[in-house]
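Q: Here is how the chains run, residue by residue.
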Amino acid sequence: MKKSLLLIAMVLILPTLMIGCATTGQLEKVQAEQKMIDAKADQAMKDAQAAKAAADAARVKADETSARAENAIKAAAEMEKAAAERERVAAEKERAAAEREKAAAEKATVSDEKAKKAEAAFEKSMKK
Amino acid sequence: MSRISNLSLSHNQLRLAAFCMFILSISGCATSKSVQTAPPFPVHREPVLREKEIERNRFTVAQGEDVIGRPAVVRIEKDDTLPDIARHFSLGIKEISAANPKVDVWVPEAGERVVLPLSFILPDAPRKGIVVNLASMRLFQYKEDGTSLSVTTYPVGIGTDERPTPTGRMHVVRKAARPTWHVPSSIAADHRKKGDILPKTVPPGPENPLGEYALYLNKGSYLIHGTNKPASIGLTATNGCLRLYPENIKALFDDTPVKTPVLIVDQPYLVGQRNGVLYLEAHGPADESGALESEKLHKKLRAIEKQAARAIDWKKVKEVQAEARGIPVPIFESGRGTEMEAAKPVEVEHPETLYGKPEIPALKLHAWYVLAADVRDRIEARRLAAIINHQGPQIPARVFEKSESYRVIAGPFNDGGEAKEAAKRLKIDLEIDGIVIEPDKNG
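Here the protein sequences come in this chain order: A and B.
In this text, residue positions in the first sequence follow my numbering: the first is 1, and each later residue adds one.
In this text, residue positions in the second sequence follow my numbering: the first is 1001, and each later residue adds one.
Bound-form chain A, shown alone (with noise of 0.2 Å):
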């Protein structure tokens, strides 16, 4: 009986020792995951953040470089316009020495004409 009980007893406290072991192996693998896995986190949540500080350096360059191209655009929308309006005001300036040129040509052309007709009637009376 006692043998048996010993038996019994040993049948019953061997596996749970051996389960006890068992248990303490296991956490200790647990914990070396959950380490691994911490730090894992870490890396990722810094992996992270260094993404996010990226895109938003990347980003506030891409706003600095849109900016910049919208002033660009607007400069050069400025500068086209500026160029139109100069070239406008030139080609008013042309059309306007132009009519002044017709006008002062036609001025001399009507001068010359009268002068001509005065010689004429200058000479015609100039005979006996």
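It is worth saying that the hints were derived from the structure and are not from the lab.
Since the structure is predicted, the reported quantities are computational estimates derived from the model, not experimental observations.
EDC-like mimics (lysine to aspartate or glutamate), calculated; alpha carbons at most 20 Å apart, straight line: (1) A:Lys116 <-> B:Glu1109; (2) A:Lys107 <-> B:Asp1104; (3) A:Lys124 <-> B:Asp1104; (4) B:Lys1102 <-> A:Glu113; (5) B:Lys1357 <-> B:Glu1207; (6) A:Lys114 <-> B:Glu1431; (7) A:Lys124 <-> B:Asp1433; (8) B:Lys1427 <-> A:Glu123; (9) A:Lys116 <-> B:Asp1104; (10) A:Lys127 <-> B:Glu1207; (11) A:Lys127 <-> B:Glu1421; (12) A:Lys124 <-> B:Glu1431; (13) A:Lys124 <-> B:Asp1190; (14) B:Lys1357 <-> A:Glu119; (15) A:Lys117 <-> B:Asp1377; (16) A:Lys124 <-> B:Glu1421; (17) A:Lys114 <-> B:Glu1109; (18) B:Lys1102 <-> A:Glu119; (19) A:Lys127 <-> B:Glu1162; (20) A:Lys127 <-> B:Asp1190; (21) A:Lys124 <-> B:Glu1207; (22) A:Lys124 <-> B:Asp1161; (23) A:Lys127 <-> B:Glu1212; (24) A:Lys116 <-> B:Glu1431; (25) A:Lys114 <-> B:Asp1433; (26) A:Lys117 <-> B:Asp1374; (27) A:Lys116 <-> B:Glu1323; (28) A:Lys107 <-> B:Asp1377; (29) A:Lys117 <-> B:Glu1431; (30) B:Lys1424 <-> A:Glu123; (31) A:Lys127 <-> B:Asp1161; (32) B:Lys1420 <-> B:Asp1196; (33) B:Lys1424 <-> B:Asp1190.
Chain B: place on chain A using the hints.
A: Okay, now just chain B, sitting in the frame of chain A:
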């Protein structure tokens, strides 16, 4: 003692220095004053040799040479006209206007420099008696005195296309001072058409178109005479006669005996040489004979080129022909300084008064006037006033400036008859409808 004498010396030196400074300061003032009163025209950097007078009528002809006189320039003054300048320098209107094609004949700008074409190539004709070149509208009177030959030249007015001056050999058959004009029937008919009835004869006086002297030629009824229209000299305005300025006809009349030969030629291109330089003088040919004359000229020049063994500047020849300014221009290819020098005109001082320039009498309050025109253009008004002033006999005229127009007023006239006669002449001669202005009755 020596100290005293030294002191006295330094005192004298001081006085001398002060005197010198005073003199220097005076000259300094004079210099600054002369700078302040400098003329408004740009001052020539090169010293310009200005001559008071220039030979215009009488020249000596050197043996074997054909070019006489030298061109000149004169600066126009306010109210000058080219006909005034022309008469003073014994030039015809066409001569001066051809030499200055860009200058307004009647309203030249004060300060403008006008070329006086007082250099002439003698016509290709015997140098004897009187030779007239119709193309250059110039008369040449030759005189031989022993071994030397002199020529006196005058501008002339010649016949129109309808009634041209005949060419050929003639001679003077008689002379008359204060001639009477027997009005030819053709001229009387012309005037009648314009509503102007001429008398059969016009006695000597301001209305006589023959002027004060006449030389009668043996051909038809052609004359060399004076004129009561001096501004017509250098124009084609006669009925075939040759007209001279009143002052020139007097000299010619006194110097021309009866029987003097007269040769009338028509040479638009004249070639001659002086000091080894070949010159060409071109006048616009009057008719379609231009091409023929040009061909004759080129033939002559080619012969000269061959004989002289020297190249002619044909580009220059073409230019001279095209411009037809009536000025002798060197045409041998350049390379000698004398050619440049030959073409350089001399600057002549503007005379104090221009001989024969029409004078405009002062305005009179109680006089008659004629309103000749009311125009908007100042130049037009001035031109018309100048033309009226140069009628023969003169009709005095001036420009009145209004706020928006310019009025040409002829007068003053002593009475209504004079004013009406002037208005009639303006109508007949210049087709101007003048309005007679009576004197202010209340004045």
